[in-house]
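Asks: Chain by chain, the residues:
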Amino acid sequence: MAREQRICVTVNGKVYERTVPVRLSLADFLREHLHLTGTHLGCEHGVCGACTISLNGRSARSCLTLAVQADGANVITIEGLRADDGTRHPLQQIFLENFALQCGYCTPGMLITAIELLADNPNPTEREVREALSGNICRCSGYQAIIDAVLIAARQAGVAHANAQVR
Amino acid sequence: MKPAWFDYYAPRALSEALHILGDAGQDGRVLAGGQSLMPMLNLRILSPAVVVDINRIEPLNELRADKDCLTVGALVRHADLLRSADVCRDWPLLAEATRQVAHMAIRNRGTVCGSVSHNDPAAEHPSVLVTMGGTVVVAGRQGRRELAAEEFFTGTLSNALEPGEMVVQLRYPRPSARTRSAFVEFARRLGDFAMAGAAATLTMRDGTCEHARLTILGMGQGPFRAHAAEQRLTGRRLGPKECKDGFAEAVAKVTADVDPADDVHASSSYRRHLAGVLALRALETALGRTGGKVG
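As they're listed, the protein sequences go chains A and B. Be aware that the first sequence starts at 1, since it is given in our numbering, and climbs by one per residue. Be aware that the second sequence starts at 1, since it is given in our numbering, and climbs by one per residue.
To be clear, the hints were calculated from the coordinates, so they are not data collected in a lab. Cβ atoms here follow ideal geometry from the backbone N, Cα and C, with glycine treated the same way.
With beta-carbon atoms standing in for the labels, derived distance ranges: (1) A:A145 - B:I45: 33 to 39 Å; (2) B:S267 - A:G57: 40 to 46 Å; (3) B:D262 - A:A164: 54 to 60 Å.
Below 25 Å or equal to it, Euclidean Cα-Cα: the simulated SDA-like pairs (lysine to any residue) are: (4) B:K2 - A:E32; (5) A:K14 - A:R31; (6) A:K14 - B:N55; (7) B:K2 - A:T37; (8) B:K2 - A:Y16.
Only chain A is shown next, with the shape it has when bound in the complex (with noise of 0.2 Å):
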C-alpha cells in the first residue's frame, strides 16, 4: 500500500497537485508544501481553533483533517482573503482599526470563524457572537476587542446593506 498519494486541491483559488504522505495533515501540508504559513498550529488536537480554515466553503480544524482528504476540495486560508490587489478583507480591516489582535497567533481561525458566522448570521447578538468564537482559544486573552470587532463589522454591514437599499 502506497504511503503517498498524488491530491489536486483548490487553495485560495489556485489549483496544486502534490504527492503527498498519507499521514500528512492539510495543516502541514498548507504551511510546509505549499509555504503558507497564515494558517497557525496550537494544539493539533482541535481544542485551539488557530489552524481553522474553510473547507468547501465551512469552517473546518486543518490539524483534523488528512492533506489527502481535501483532494479535490476548495480550501480558503487567511491568505485567501485578501483581494488580488492587496486589499484586506472587510473584517481583517476593522480587526486592524479596533485593536482586535495582539500576537496575531489565533486571528487567522478568528477571522475564518466569523466571517462564516457572519455569513450565516449577519446581525448576531453579542452572545451569539462569544457562542461562534468560543472555540478559538486567544492566548493574550483579548476577547472583549475580538467580541467588538465582529459586533462592529455586523453592524457597518447592515449600514451598507441600507444604504444599499435606499439607493
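Following the hints, complete the assembly by docking chain B onto the known chain A.
Replies: Relative to the frame of chain A, chain B by itself:
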C-alpha cells in the same frame, strides 16, 4: 506531532470498505468526520495499521425523516442535523443536544454516528439515542445487524462492534405528539466537554405522565439511564402541585444511583450534585414544554 504510519484507503462503495475493514480486523479504524479519531492519531493514543476513510461513499450521507423514524447515515454531520427542518421540528431533543456539541468547525465535520461509535462519556449523542429508544445499524462483511442503543454502549469509549464492523446508520423513532423533551448540560466554557448533562422526555396525558425517560451523561461510563427515576414518574400526576414531589423523588434516585469518578475536571461528589441539578432542570423544562406548570 504526526500520526504513526498507516495504510490509507478511501473506497467509493460500502461493500469495498467492509471488505477492507474485514481484512484489517482489530487493526482497522473508520475515518468519517475525524473529530475524535484524528486527535487520538495525532496524540498517538491510537496507531491503527489501516485507516478506512468513508467520506467518498455517497449513500452514507442519507438523512431521511419517515413516518416512523429518522435515519441518520454514517456521513451525516452534526451541522446537517441542524440544517434539517424535519429534525428541528420533529426530533427537537436531537436538535437541542446537537446545538451543544463542541463548536461550529467541529459540528461541520464531525458525524453523529462517529460520536455514537466513540462513546465518550461526556458526548451528547449517545445519551440522546438512549433517551429516544433509538437503534444502531451495524454492518460487516457478514451482513447487517440492528442493536438497541442500550445494547450498543458497553462502557467508557466502548461499544458492541466486532472487529471489521462499522456503524452505518442510526435510527431515531418519531416522538409521539404528546411527548416533550429537554437536553441540558454544564461545561466550564461553551463547547467544552460537558462535566455532566441530562436528557429527558415526558409523554403526558391530561396532566398524568404516561411515559418518562431520563439519561445522565458525564458520569464516566457513557450514557446512564436513570431507570429508577423514570419509574417514580411514570403513571404519576405531574400537575403544578404534584410535580415538585415527583421530581424531587426522581432526582433523589438519580443522585443515589449515579457513580461518577473523580477526575481533573470535577470531583465525584460534585458530578453527583450536577447530575441531580441537571436532571431536575431537564425534567422541569420538558414539563414546561408540555404546557404543564412547575408549581
